[in-house]
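Novice: Just add 43 to wherever you are in the sequence shown, counting from 1, and you've got this note's numbering.
What the hints contain is simulated information worked out from the structure, not anything from laboratory work.
Source: prediction; values computed, not measured.
Heads up, a few of these hints could be off.
Said to hold, decoys possible - Pair by pair, the computed Cβ-Cβ distance ranges are: (1) E131 - P165: 20 to 30 Å; (2) Q130 - K62: 31 to 41 Å; (3) D82 - S138: 14 to 24 Å; (4) F156 - G126: 12 to 22 Å; (5) N109 - Q130: 13 to 23 Å; (6) D153 - N109: 35 to 45 Å; (7) E155 - E95: 12 to 22 Å; (8) E107 - Q77: 12 to 22 Å; (9) Q77 - V123: 30 to 40 Å.
We treat Cβ as the ideally placed atom computed from N, Cα and C, and that holds for glycine.
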Amino acid sequence: MDYTNDPELNGKYLGTITKDFAAVSDTLSEASSQIRKRDISKYPIFVFARQEVPLGGLLINADEANLEWHVFASYLELFVQQGIVGQEGIEAFQSTYRDADEYCCLFVLDEEFTNFVYIPYPED
């Protein structure tokens, strides 16, 4: 799996992801900070999925927040446990992971597209 931004992220996804991300970026930034401060993981991952999935804990319910994507809080070690990132992929993931204070690591999960995407947090 490619752990960098996927150039195939087409406008269909980019528009809806960006819109929902803008609405929840403060929550994701705070959750990322807490995951790192509490030494849960140095590599927070937020799963964007249109349906509920067993990947981390539900952070934002799309239906309740009037969004298109549910957001689940997770992290690298859980992705390894669940077999999404193989043991051989840990180093590659860590080397491409971006500064968590500046970028949000999303794992976009949909029927036509499944991959990691890094989106910069908005400037304050």
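Novice: Falls inside 14 to 24 Å, the C-beta gap from D82 to S138?
Specialist: Given range 14 to 24 Å: holds, Cβ gap about 21 Å.
Novice: Given the hint of 31 to 41 Å, is the C-beta distance from Q130 to K62 inside that range or not?
Specialist: Holds, at about 36 Å.
Novice: Given the range 12 to 22 Å, decide if the beta-carbon distance of E155 to E95 lies inside it.
Specialist: Since the Cβ atoms of E155 and E95 sit about 19 Å apart, the hinted range of 12 to 22 Å holds.
Novice: For the range 30 to 40 Å, tell me whether the beta carbons of Q77 and V123 fit it or not.
Specialist: violated (21 Å)
Novice: Go ahead and decide if the range 12 to 22 Å is satisfied by the Cβ distance of E107 to Q77.
Specialist: Given about 21 Å between the Cβ atoms, the range holds.
Novice: In this structure, is the beta-carbon distance linking D153 and N109 contained in 35 to 45 Å?
Specialist: With Cβ atoms ~19 Å apart, the hint is violated.
Novice: In this structure, is the beta-carbon distance linking N109 and Q130 contained in 13 to 23 Å?
Specialist: violated (40 Å)
Novice: With 12 to 22 Å as the target window, see if F156 and G126 comply at their CB atoms.
Specialist: Holds - the Cβ-Cβ distance for F156 and G126, about 20 Å, lies within 12 to 22 Å.
Novice: Lying within 20 to 30 Å: is that true of the beta-carbon distance E131 to P165?
Specialist: violated (35 Å)
Hints 1, 5, 6 and 9 from the list above are not met by this structure, while the remaining hints are.
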